[in-house]
Amino acid sequence: MTQATALHAAVVPQTEVLVVDDDQATRDLLRTALSRSGCRVTCAEELEEAGAILEYRDYDALCVDLDLRGLSGLEGLDLVRQAHIRSPRLNIVVQTGNGDPDVHRACLDLGARAVFVKGQPLAGFVSLMQTPLKEVAS
Amino acid sequence: MIKSLMERVIEPGAITALFQPILGISDDEPRIVAVEGLARGPKGSTLESPDILFEFARRKNEESIVDRAAISSILREARKLPPDLALHLNVHASTLGRDGRFVEFLRKTASSVGIDLQRLTLEIVEHSNFIEEENFLAALAELRNSGISVALDDVGVGTSNFRMMLITRQTMLKIDRYLVSGVSRDTYQQATMRAIRLLADQVHAELVAEGVDNQEDLRTLRTLGIEYAQGFLFSRPRTAEDLTASMVQQSLAPTPKVSVWAARPNLSLVAHAG
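Each protein sequence line maps, in turn, to chains S and Y. Oh and the first sequence: position 79 is 79 in our numbering, straight run, nothing missing. Oh and the second sequence: position 198 is 198 in our numbering, straight run, nothing missing.
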């Protein structure tokens, strides 16, 4: 952490982020990118793990990978739905390699704030995770 | 091949055990009458927290496998506790209802580490509307026939406590911290506690208050006639070695008193509040 980042972290409440992804390399990548931007990051590798964490801990932002191994994507959508119902102000961003606009629409309808298609620059993703919902232009 | 999270959770040694004393509070000087074994998930993981660990197990519908792993770990560690000290273990109602060999597992595991079944109380935790009532009742009967006591945990919160009371007919009820914490300042909590006391008296059950963390609440609980208490006021959950060392030290006090724990007359260790 740079001196400027450390100072920022000391005076500005850190954004608490929960990242759900079954790929260790991706979790490490997102943890590093978000931590460098001053977020405090928790990672979960399974949806049930994430659901259990959300039952007992509060977060500012949730990032869910929709393409978890062995799952259809519906399970990830269900986590989005549950998390949104539980905390309507939770900033939820869905990650997916699926470009189908219907899938994206379903994510947004269930409470996601945005869908981040894998392969895009991470800077946009980090910015999305850090910006509280109330600051999003309508 | 990469192991799944659940596989890593139930590996031997992944779940660790801590112990928290339960004290008789009827007298001025609280005395340890039992300890509750508490599981912690893999160190450094999100599942280290027991709440998250067992919620994860429930969401995976694997309560039984995690209950077994936790109990194995706790019983192994419990060998380091003073002999004859009563030991409470937690189990999901769903485990008793669905895992037909659970009681056999418990008997064998306790036997393998040299722990007498008479020392054990199984605290039943409920988080869902379980439906395997016949199997559940059979497991309860098997536990009692084995000499294992049974208590109902989290009374006052949870899915269907009154239903569970009627089904299980326990003689020990553990009142959830939600009702206990701050009871000295809240007349609604006190009224709820009085109602539970009345209920317990009618069915000849003993009461344990969980989550006692200050002297004011302890005083109120005494006034309300609660027999036993557990919480940070007395001790945080500690390792078996740590707790045993502390208890041995206390037992060297000039005037040790004998525990009043009804079913365990042999215990003679003393603990002090605060």
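If you are wondering where the hints come from, they were derived from the structure by calculation, not from laboratory data. What you are looking at is a predicted structure, and each value in this text was computed from that prediction instead of being measured. Backbone N, C-alpha and C fix where the C-beta goes; we use that ideal spot for every residue, glycine too. Check the hints yourself; a few may be wrong.
[As the list claims (entries may be wrong)] If you only want the chain Y side, here are some residues facing chain S, beta carbon under 7 Å, derived:
#1 K3
#2 R59
#3 V113
[Said to hold, decoys possible] Quick list of in silico lysine to aspartate or glutamate cross-link-like pairs, EDC-like style, CA-CA up to 16 Å:
#4 Y:K3 with S:D22
#5 Y:K3 with S:D23
#6 Y:K43 with Y:E11
[What the hints assert, rightly or not] Pairwise CB distance ranges (calculated):
#7 Y:T171 with S:E16: 53 to 61 Å
#8 Y:G182 with S:L29: 58 to 66 Å
#9 Y:Q118 with S:T26: 31 to 39 Å
#10 Y:Q249 with S:A25: 30 to 38 Å
#11 Y:K43 with S:D78: 25 to 33 Å
Lying within 25 to 33 Å: is that true of the beta-carbon distance K43 of chain Y to D78 of chain S? Roughly 30 Å apart at Cβ, these two residues keep to the hinted range, so it holds.
Could you tell me whether the CB distance from T171 of chain Y to E16 of chain S stays inside 53 to 61 Å? Cβ of T171 of chain Y to Cβ of E16 of chain S: about 44 Å, so the range 53 to 61 Å is violated.
Is the shortest C-beta separation between K3 of chain Y and chain S less than 7 Å? 11 Å, violated
Proposed proximity, D23 of chain S with K3 of chain Y (alpha carbon, max 16 Å): 13 Å, holds
For the hint on R59 of chain Y, does the least C-beta distance to chain S fall short of 7 Å? Because about 4 Å separates R59 of chain Y from the closest Cβ in chain S, which is inside the 7 Å limit, the hint holds.
Is the shortest C-beta separation between V113 of chain Y and chain S less than 7 Å? 29 Å, violated
Compare the distance between the alpha carbons of K43 of chain Y and E11 of chain Y with 16 Å, and conclude whether the hinted pair is satisfied. Holds. K43 of chain Y to E11 of chain Y sits at ~13 Å (cutoff 16 Å).
If I claimed the Cβ atoms of Q249 of chain Y and A25 of chain S lie 30 to 38 Å apart, would that claim hold in this structure? 50 Å, violated
I want to verify a distance hint. Is the separation of the beta carbons of G182 of chain Y and L29 of chain S within 58 to 66 Å? 44 Å, violated
Given the range 31 to 39 Å, decide if the beta-carbon distance of Q118 of chain Y to T26 of chain S lies inside it. Given a distance of about 52 Å, which is not inside 31 to 39 Å, the answer is violated.
Pair hint K3 of chain Y and D22 of chain S, alpha-carbon separation not exceeding 16 Å: 12 Å, holds
Hints 1, 3, 7, 8, 9, 10 from the list above are not met by this structure, while the remaining hints are.
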